[in-house]
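Chain by chain, the residues run as shown.
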Amino acid sequence: MAVTFASRCSRVGRSLMGGLGNNLSNLRSTSSEITCSSFLSQQQRTFIQMRTVLKVVDNSGAKKVMCIQALKGKKGARLGDTIIASVKEAMPNGKVKKGKVVYGVVVRAAMQRGRCDGSEVKFDDNAVVLVEKQGQPIGTRVFGPVPHELRQKKHVKILTLAEHIA
Amino acid sequence: MRLEKCWFCSSTVYPGHGIQFVRNDAKIFHFCRSKCHKNFKMKRNPRKVKWTKAYRRLHGKDMTQDSTFEFERKRNRPERYDRNLAENTLKAIKKIDKIRSDRASDHIKNRLKTGKVQRQKEARKQLELGIHLVKAPLALAQDSSLCLPKIKVNVSQAQTEENQPMED
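Quick mapping for you: the protein sequence lines, in order, are chains A and B. Oh and the first sequence: position 89 is 89 in my numbering, straight run, nothing missing. Oh and the second sequence: position 145 is 311 in my numbering, straight run, nothing missing.
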């Protein structure tokens, strides 16, 4: 009797608590959502370093690569730098296969890069174009906008293949 | 060097200021300062944000159509440098700017005129009704120069005699 009463109480209590908890969690979730979104909107974008997954924007066959080394730069690679990466995801018939170690040029970075006129540019995502060790792109097409910082880094071939220069 | 317009607030972005955001569909957004940039990231519509030029133009608060705007359209053809042309352009910029700002302030003044007239009318009415709070009716009766020109104060002799002992 006491056990059933206790169980009933606990059930009622739990449902009450559940209700309250729901309300609280809703409130908290909405407030945390707001704080989360405000937190997200002030997301600090940083360098491209080891373990950074980048999108591949040419037709070399790879889809996603993971950076394993940023050549030049102690803290990491930025817009226009070259990186060494490992292919994590690839199209079935492509020039590069999964697991291959490749070089890449960062063509879009979410971290802002200063330009010589004092302004700053930032892109929507982190993207890379696979190149050979000499700097010639492996693919024959480049998708999306590319910055004209590449001209200074002597990646002219990528600029000619690009459909839009930002 | 090019002076851009902030995508959010439509103010000019001078060199050395602001951030350019390039979206993956190759659309470039210029922002004059982080306030506009953060509002953009919050996905706010500038047409609904009160302090932006887009809102003000949309809701008729600021001048929308004027011949002075034609001078400031974006031209993508580079002009060959000509000293005379540059000099004339600089002079013209100053003059056009002055004309445009004068016209804009006139527009705002005209817009606010009806409200001002209304408020003055209401103030006058309130003063007429509530003159007893400002000056005693006795004083008004005695010295007619203190009256407002439109006030008619009908005070009979019997009333003044009544009030005098009260004041003493």
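Derived by calculation from the structure, the hints in this document are not laboratory data. Incorrect hints may have been included.
Cross-link-like lysine-lysine pairs, in silico, BS3-like; alpha carbons within 25 Å at most [what the hints assert, rightly or not]:
{"no.": "1", "chain 1": "A", "residue 1": "Lys153", "chain 2": "B", "residue 2": "Lys171"}
{"no.": "2", "chain 1": "A", "residue 1": "Lys122", "chain 2": "B", "residue 2": "Lys209"}
{"no.": "3", "chain 1": "B", "residue 1": "Lys216", "chain 2": "A", "residue 2": "Lys55"}
{"no.": "4", "chain 1": "B", "residue 1": "Lys216", "chain 2": "B", "residue 2": "Lys204"}
{"no.": "5", "chain 1": "A", "residue 1": "Lys75", "chain 2": "A", "residue 2": "Lys97"}
{"no.": "6", "chain 1": "B", "residue 1": "Lys219", "chain 2": "A", "residue 2": "Lys64"}
{"no.": "7", "chain 1": "A", "residue 1": "Lys98", "chain 2": "A", "residue 2": "Lys154"}
{"no.": "8", "chain 1": "A", "residue 1": "Lys122", "chain 2": "B", "residue 2": "Lys193"}
{"no.": "9", "chain 1": "B", "residue 1": "Lys261", "chain 2": "A", "residue 2": "Lys122"}
{"no.": "10", "chain 1": "B", "residue 1": "Lys207", "chain 2": "A", "residue 2": "Lys122"}
{"no.": "11", "chain 1": "A", "residue 1": "Lys63", "chain 2": "B", "residue 2": "Lys301"}
{"no.": "12", "chain 1": "A", "residue 1": "Lys55", "chain 2": "B", "residue 2": "Lys219"}
{"no.": "13", "chain 1": "A", "residue 1": "Lys133", "chain 2": "A", "residue 2": "Lys64"}
{"no.": "14", "chain 1": "B", "residue 1": "Lys240", "chain 2": "B", "residue 2": "Lys318"}
{"no.": "15", "chain 1": "A", "residue 1": "Lys122", "chain 2": "B", "residue 2": "Lys240"}
{"no.": "16", "chain 1": "B", "residue 1": "Lys201", "chain 2": "A", "residue 2": "Lys122"}
{"no.": "17", "chain 1": "B", "residue 1": "Lys204", "chain 2": "A", "residue 2": "Lys157"}
{"no.": "18", "chain 1": "A", "residue 1": "Lys122", "chain 2": "B", "residue 2": "Lys204"}
Results of checking the hints against the structure:
Taking the CA atoms of A/Lys153 and B/Lys171, the gap is near 29 Å; set against the 25 Å cutoff, the hint is violated. Between A/Lys122 and B/Lys209 the CA atoms are separated by roughly 17 Å; this keeps the pair inside 25 Å, and the hint holds. Between the alpha carbons of B/Lys216 and A/Lys55 the distance comes to roughly 38 Å, so the proposed pair goes past 25 Å and is violated. Between B/Lys216 and B/Lys204, the direct Cα distance comes to roughly 16 Å. Compliance with the 25 Å bound is thereby established for this hinted pair.
Taking the CA atoms of A/Lys75 and A/Lys97, the gap is about 29 Å. The hint is violated against a cut of 25 Å. Distance hint between B/Lys219 and A/Lys64 is unfulfilled; the C-alpha atoms sit about 42 Å from each other, more than 25 Å. Taken as a hint, the A/Lys98 and A/Lys154 pair is broken in the structure, with Cα atoms around 28 Å apart against an allowance of 25 Å. A hinted pair counts as satisfied when its Cα atoms are at most 25 Å apart, and A/Lys122 with B/Lys193 qualifies at roughly 12 Å.
Taking the CA atoms of B/Lys261 and A/Lys122, the gap is about 37 Å. The hint is violated against a cut of 25 Å. Straight-line distance between C-alpha atoms of B/Lys207 and A/Lys122 comes to about 13 Å, which keeps the hinted pair within the 25 Å bound. Between A/Lys63 and B/Lys301 the alpha-carbon distance is near 87 Å, which puts this suggested pair outside the 25 Å criterion. Taking the CA atoms of A/Lys55 and B/Lys219, the gap is near 37 Å; set against the 25 Å cutoff, the hint is violated.
Of the pairs offered as hints, the one joining A/Lys133 and A/Lys64 holds, with about 19 Å between alpha carbons and a cut-off of 25 Å not exceeded. Using a Cα cut-off of 25 Å, the hinted pair B/Lys240 and B/Lys318 is violated, with the two alpha carbons roughly 65 Å apart. Annotation: proposed proximity of A/Lys122 to B/Lys240 holds, straight-line Cα distance about 24 Å (limit 25 Å). Annotation: proposed proximity of B/Lys201 to A/Lys122 holds, straight-line Cα distance about 16 Å (limit 25 Å).
With a CA separation close to 35 Å, the supplied pair B/Lys204 and A/Lys157 exceeds the 25 Å bound. For a cut-off of 25 Å, the pair hint linking A/Lys122 to B/Lys204 stands: about 14 Å separates their Cα positions.
In the structure shown, a violation is registered for the earlier hints numbered 1, 3, 5, 6, 7, 9, 11, 12, 14 and 17, in ascending order.
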